[in-house]
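Undergrad: Just so you know, the sequences run in chain order A and B.
Following our numbering, the numbering of the first sequence begins with 1 at its first residue and continues without gaps.
Following our numbering, the numbering of the second sequence begins with 1001 at its first residue and continues without gaps.
Since the hints were made in silico from the structure, they are not lab data.
Some clues are possibly wrong.
A few chain A residues that face chain B, going by a derived Cβ cut-off under 10 Å, partial list only [unchecked claim]:
#1 I55
#2 L79
#3 P81
#4 Q91
#5 A94
#6 Y107
#7 T108
#8 M255
#9 I258
Note that the Cβ used here is the ideal one computed from N, Cα and C, for glycine as well.
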Amino acid sequence: MKPLLELRHIRIELPTRRGTLLAVDDVSFTIGEGEVLGVVGESGAGKSITAAAIIGLLEPPLRLAGGEILLDGARIDNLPPDAFRRIRGKQIGAIFQDPLTSLNPLYTIGRQLVETIRTHLPLGDKAATARAVELLQEVGIPGAAERFNAYPHQFSGGMRQRVVIALALAANPRLIVADEPTTALDVSTQAQIIALLKRLCRDHGTAVMLVTHDMGVIAETADRVAVMYAGRVAEIGPVRQVVKHPQHPYTVGLMGSIPSIGDTLERLPQIDGAMPRLGSIPPGCAFNPRCPKVMERCRVDRPDLLKAHATEAACWLHASISPGEAARG
Amino acid sequence: MLAFILRRIFQAAVVLVAVASIAGLLFPYVGDPIGCLLGQDARPDQIRELRGALGLDRPFYVQFWHFLSNAVQGEFGLSLRQGAKVSRLIGERLPATLELSFVAAILALGAGIPMGVYAALRRGSFLSQLFMTLSLLGVSLPVFLIGILLILVFSVTLGWFPSFGRGQTVDLGWWTSGLLTRDGWHHIVLPALTLAIFQLTLILRLVRSEMLEVLRTDYIKFARARGLTNRAVHFGHALKNTLVPVITITGVQVGSIIAFAVITETVFQWPGMGLMFIQAVSYADIPVMSAYLVLVALFFVIISLVVDLLYYLVDPRLRMQRGGGGHGR
């Protein structure tokens, strides 16, 4: 399967007064046509920043310092601003975390939809309005035609996120970057929104990069999952494999800390310590101070993604070559 | 909506009566007009006679009641100094002040808003830095100094504009206008500029900071993520959201332009109400002073009503609350 989106060795820097920090360090992955890639990790692991880089909206002073982003095999990261703008919305849609603040409070949702549609598609006002109402129906807004002229504050959070999804789908993009689309919603609404997103993307053949820290959502929705830790991909692979047979000690810890109904444990297992701050990432593997299986090599050498059974993990446990050779190379 | 307007008009009436009462209560303390009118070598019987003619020998509460009941009918009696009806005097002076304020307000808004928007969008550019530096001057220099400096440069040194008076005016019967002749325009430039500079810089700084605030919001980020053009994002979405605070401040400022034209009118010998008020103060011309106070209060009340109505025009959230609840504020 030819990848729709490809990230090659992405580096994102955060210049500060005390030197430049690496927010995202050498991240590579692909998303296939119609595929759902889940991206999980703790806050600060670099997931949202990676998502922002893909839609070309890194907020200064953050900057893309290296690597390439390819859409359909063509680089997009070096496009001039206006050319990149044409891709946003048209090829790559976006959904943000908080539906309450994603919509402009002063305009009707209809206006915001029509405006988006007309920016990207050669439609007249009438046709764009018709399409907007259709989209609202599709995302499950009851009485779409009547609510077309309603303002964002007249909708509940879940309904607003539906409107946001309609906006993201307005020009039929091929990829949607959803940055924690359900975090701000209550649990029952979360499930509805995820189900809606899943259904719509399947119907339209839209690929999704789903950023979240909710493993449950990932397990239910994603085809593949990338686990991020301290600005790097720790493990990436098919969702079943990563959940059932995690290969990176961090992923193992992450999965272990999810309670399940049948558990009889007194305490949930947890990973000791906390993810290092950007300025103090240790040499070698960033996870080594917390890793239960830490080896001498982990404190010196930084592992790249290595083949590990059905997934790929950035961990020396899966090194087929001996430590001595790698140190010399 | 109608109930809202009626309630506001009732509130306005209460405010006006309160201002009139305060103005009336101040009378005994602002000085004795008799001394000014008759001079130092007046005989006691002359003084007694004039006191009786003007009704100043009656007890204070009688005078106050007399004033208040007349004021409610819009009647402020005769000017002590000029012997003419106060309403006629104000009728002569009002057009000059209103025209000056109007031109100054247009200048302040017409230049202040675009400069503020520019300074926010091109933050850090040379021109923005220049605007911000100059605006600091505008905010901190006192009005009379600006007026005198402008006269020094443009009247005395360069000789481009006249330094005092209104120039040639056209009498329309109920309104004398200086805006219909070249000479009138020529005369209004410097005083209008003087009056506008402080307001202009205030609006510039306000628009800039509000705009920067709005540009950071999620809905602007989402508008960009939808691929809207910069123009649509900046002027369609961001600018409108900065308007509510700008309207508030502008309303108050336009009120002060009218009320505090006093200084500018004195510097430029502009034959408006401010100048009339200053002259009235030096002669303890009580009827003129109180009429001026009530008139200024009237302007403020009208402007704040207009400002409130503009809120409803701009912000649908306020409109809905009114439409839905019907009460409460």
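Undergrad: Compare the structure with each hint and give your call.
TA: Here is how each hint holds up against the structure:
1. I55: holds (6 Å)
2. L79: violated (13 Å)
3. P81: holds (8 Å)
4. Q91: Because about 9 Å separates Q91/A from the closest Cβ in chain B, which is inside the 10 Å limit, the hint holds.
5. A94: Result: holds, 4 Å to nearest chain B Cβ.
6. Y107: With Cβ-Cβ at 8 Å, under 10 Å, it holds.
7. T108: holds (8 Å)
8. M255: violated (32 Å)
9. I258: violated (30 Å)
Against the hints set out earlier in the document, violations occur for numbers 2, 8 and 9.
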